[in-house]
Structure formats: C-alpha cells, structure tokens
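Asker: These protein sequence lines map, in sequence, to chains L and V. Number 48 in this note's numbering belongs to position 48 of the first sequence; there are no gaps in the numbering. Number 202 in this note's numbering belongs to position 202 of the second sequence; there are no gaps in the numbering.
Bear in mind the hints are in silico, worked out from the structure with no lab data behind them. Yeah, the Cβ is synthetic: ideal placement off N, Cα and C, and Gly gets one too. Check before you lean on any hint, since a few could be wrong.
Some chain V residues judged to face chain L by a derived CB distance under 10 Å, without partners named [as the list claims (entries may be wrong)]: (1) 23; (2) 87; (3) 113; (4) 163; (5) 164; (6) 168; (7) 199; (8) 209; (9) 210; (10) 211; (11) 225.
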Amino acid sequence: MIATDILEDAALTLMEKAAIEIPDDYLSGLKQAASVEDGDLSSFVLQAMLENYEVAKADRRAMCADTGVPRWFVKFGNEARIDGGPVALEAALRRATARATHDLPLRPNRVHPLWRTDHDNNVGINAPEIEYSFEPDGDWIDITAVHKGGLFGTDYRMLFPGDGIDGIKRFYLDTLVAFGKRGLACQPAIIGIGLGGSKDVSMTLGKQAACLRTVGDRNPDEKIAALEEEFIDLGNSIGMGAMGFVGKSMVVDCHIEVGYCHTGGMPISVHAFCLSSRRATARIGADGSVEYRTDPQWFTPYMRRERVEWQSAPENSKAFA
Amino acid sequence: MAERAGKLKSLRLGTKPTREELAALEIGNVVYLDGVVYTGREGVYQRAVEEGEPLPADLKALSHVNFHCSPAASINDDGTFNLAAVTATASFRFSKWMARWFELSGAKIIIGKGGMTAEDYKSVFVPNGAVYLTTVGYGTGALLGRGVSHVRDVFWKDELGIAQAIWVLEVENFGPFIVESDMGGNSLFERENAKIAANLDKVYEGTRPAILHRYGESDDRSDEVI
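Based on the provided sequences and hints, a complete structural model is requested.
Answerer: Rendered as structure tokens:
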C-alpha cells in the first residue's frame, strides 16, 4: 500500500526537477546540434540556451519562466495499491501542483477559458491534466511531470490513405515552417507525431511521443524508426534554426507513435517539445521507495500491444522489466 | 560600449535611452539592459487602453522599457516577492493596442517573443521612436531571472492576477536580447524568413496538397501565422 504523503512529496520534487534540470538526453542532443550549427544568429541562441541550463541548475531557478501548463502522466503497475485509492492520488497531484506553483515558483498560467479566473496555483477545472496507463506485473507507480508550453508548435489534420507518406511529410513541413518562423515553436525541438487513432487519440499520441520519449529512442517498428530518422533530416534541411533564424538545427529528434484508425482515414498530429524540454519521472515502490529518472518509459510493449490478449512479454520488453 | 557575443555585436543600454542611443541599434545586435523595466501584456492593455483605467503609476518616469512577459513568481504572506525566472510571451497578439499604449506609457523599447510585423513597426513603432528587442531562445528564463536584482513593485495584482500584473523590476546586465526592429522599422525575423523561403520549394519537392483542403488555406510559403 503506497501512502499518499509519499506520492505528494515525490510529485512536488518532480515539479521542481522538471522545471529546473534539463534532461541529459535532450542536453546531449542540443550540444550535438550546436556543434554543427553554422548560422551566426542561431549559434548565438544555442550558446545562450546552454548557458541558461547551467544557471538554472546553479541557482535552482526555473530554466524557462513560461512553465507552461504543468501536467501529469501516471503509470500503474497492475499490483500497485494506493492508500485512499485513485481519488487520493489525484488529490495529492493537485496539491503538489499548487504547492510547486507557489514554492518554486512556477508561473500560474492556468485560467478559466472565458472568465480568465486565475487561482494563482495552476489548478482549476480539468487542470492539471492527469493521464493514465497501466503495466502488467508491477507493484509500483510511475509519476511523470511535464511542463510544456501551450500555445504554438502543434497542429492536427485529417489525412487520408491516398495522401500517403508524402502527405505526412508535407503536413510535417507545414507545421515546422509555420511555427518555426520567428521561433514560435521554441526549436530545436523534440517533434512528436501521432499517426492514426481517432482524432483525439491522434493528438494525445503525438503529445506523448514528443514529451515522453527520450532523444535517441526509436520506434520498435523498423520502418517507422526509419521514417523517424528521415524526418529528423528533413526538418533540419529546411534551412531554419533556433528562433527562425537561418540555420540547420530545427529538430533534435522525431518520435512517431501510431494507433489503429478508421479504414478511410489517416489522422495526424505534430507536436514540438521545446528548447526547455521539461520532464521528470519517479517510480514509487510498494515499500515507499522513490527513484527519480528522466526517461518516462511510457511507451512499453504493453502500451503498443496489437492483439486481443496480452501474451507473454516479447523479446524487446526486457528493457522494462 | 560594444563587445562581441559570438559573431554578433553586443552592447549595454540604460532603460531610458536617448534617441541617439536607440538610433545606433542595428537589427541582429545583442543588448543587455541596466535600470528598471516593467511587464505588461494583454491584461494591462485591455484595462488601460480599452477600459481607459488610469495607469497605476507614472510609468514614463519609471522606465521606457515595456516587457511582454510574466515572471515565474509568487507573493509571500508578508507581501514580499519570490521571483525566479523571467520569460517573454509572444508579442504579435498585442499589436492592436500598441499605438495607444505608446502614447500612454511613453515606452521606447518593447521586449517580447517573436516580434511583430514590419508593417506594425513602420506604422506604429517608427512614429513613436520605438524599437523592438526579442528575448533569446526561447527562453533564457534563468539568465534573465539572475539579471533581476530587485522587485520594486507589483501593480494591479488583485485585478489581474500574478501572471498579468505589472511587475516593476530593477535589472542589471539583464539579457541577452537581440534587436529585432530598429528605428527604421526593419525586422530581423522578416529578413531571415525571406532568406529561408528561397529554399522551401526544394524542401517541399515531391509533396502534393492534402486531399481534404482547409477552408482559407494557403500554399504561399512566404505566409506567416501572425
């Protein structure tokens, strides 16, 4: 039985880690981009960002003051039990969000869409979002905090089978160029593509692909993995770098997630996780232990299962054991 | 005082700069500020420009620098402030209020994210002798936070909330910013867009428009979303 005060304390720490510490995988990817960038303006921007990460860590300040709309991703091991149940977990996450907003501080971005009411704590109707997934055999809970900006860099479109891979490429380019100009997407970014599913799931998969997979991670489907790599090069061939200045660093990585969709359609979403790609994960064990990491390990073989029944784990699931 | 930042020219500027100092700025220069800046975004503009509410202080006397941002900040029970990081918000959404705002505030430098259109600069900024500085990244929230030495005041926090209030910040070596628009109303972003657009046809080669069109959609690659 996992106590909710442990969950709340871990969640508070996650809000802080996500806001302040740039994940190593993204940092390595950005350093690589900076090493080949030859645009004068773009290079200056990347050097300033690299310095900014150091200052954030040294001063324990948020790396970006637009701490976006803080949100949560929760993965339950099938055997995990929480003292007070899921309702107590949600209460703990809402309390941690409010406490972090005041104590760190985060920017209190969350307002009512019409009345613009701001509780100054990033909590309100349907906020923060909490998304769930499940995993066989575990007695732990993984909690991931993500601070993601909420205004630009994302788009959705209903494509059709006849649009083909070229249609996907074109929409990908459209989104990158549209929001890359003036740097509205805060690139170089981790680009997430949600392909298929129903319309809402297409959006959700794209967001999760951007925020919950690490730089260098490839989709287990080899053809999709090849497409991811092709799209990295395609994005970096636009001729645009940081802030929309002339350059070659637009995409640090590209992650594609798929879901089965309507036979007549091929919905797609594109999301950009920005120069402050902020995520942090904790595994809370049944014994109350808390282990922090930066890889959410969200897309497991179980998450990507294709058949009616979940069979014994295939080969490529051993990394998640 | 000009130095180099990478291959770019870098200089420091006060927050009540003279017309000559502003005229010396060229697009693509890097700027750091010393003095006082105040934040103001849609909440402030709606209240001051549309509702005609008198400004809560003599901004003109305080500073000539209006920052489109809200800090990651909180207010303690004893009324003191806790400000960690500062990052700009996208400015193009505010262009309709700028003409009147320049009259009310006397601002000469607008800092923000992403700039406005060259048309806005030429029709509104140039007649008011104002320039636009863009934040870098975006954004260097921690670097900018380190450049804030003191929070002098927060106005309209009860009316607008922490994110939309006017924060008056004392700053030192506050930056970096890049000159996006100069006194001639030229735009660095639009100059860069034009260079990049020349390559786009090649990048798009082989792709066709989507089967299902969007009403109002354009394939003009020089278009912008602002």
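Asker: Evaluate each hint against the coordinates.
Answerer: Results for each hint:
1. At about 22 Å, the closest approach between the beta carbon of residue 23 of chain V and any beta carbon in chain L exceeds 10 Å, and the interface hint on this residue is violated.
2. The criterion of a C-beta within 10 Å of any C-beta in chain L is met by residue 87 of chain V, whose closest approach is roughly 4 Å, and the hint holds.
3. Against a cut-off of 10 Å between C-beta atoms, the interface hint on residue 113 of chain V holds, since the closest Cβ of chain L lies about 8 Å away.
4. For residue 163 of chain V, the shortest C-beta to C-beta distance to chain L is roughly 5 Å, which falls under 10 Å, so the interface hint holds.
5. The beta carbon of residue 164 of chain V comes within 8 Å of a beta carbon in chain L, closer than 10 Å, and the hint placing it at the interface holds.
6. This hint is violated: residue 168 of chain V has a C-beta 16 Å from the nearest C-beta of chain L, more than the 10 Å allowed.
7. Interface restraint check: residue 199 of chain V against chain L, minimum CB-CB distance 4 Å, threshold 10 Å, status holds.
8. Given hint, residue 209 of chain V at the interface with chain L, holds; its Cβ is 7 Å from that chain's nearest Cβ, closer than 10 Å.
9. Among the interface hints, the one on residue 210 of chain V holds; its C-beta lies about 6 Å from the nearest C-beta in chain L, closer than the 10 Å criterion.
10. Here the hint on residue 211 of chain V is kept, as its CB sits about 5 Å from the closest CB of chain L, short of 10 Å.
11. For residue 225 of chain V, the interface hint holds, since its Cβ comes within 10 Å of a Cβ in chain L; the closest pair sits about 5 Å apart.
Against the hints set out earlier in the document, violations occur for numbers 1 and 6.
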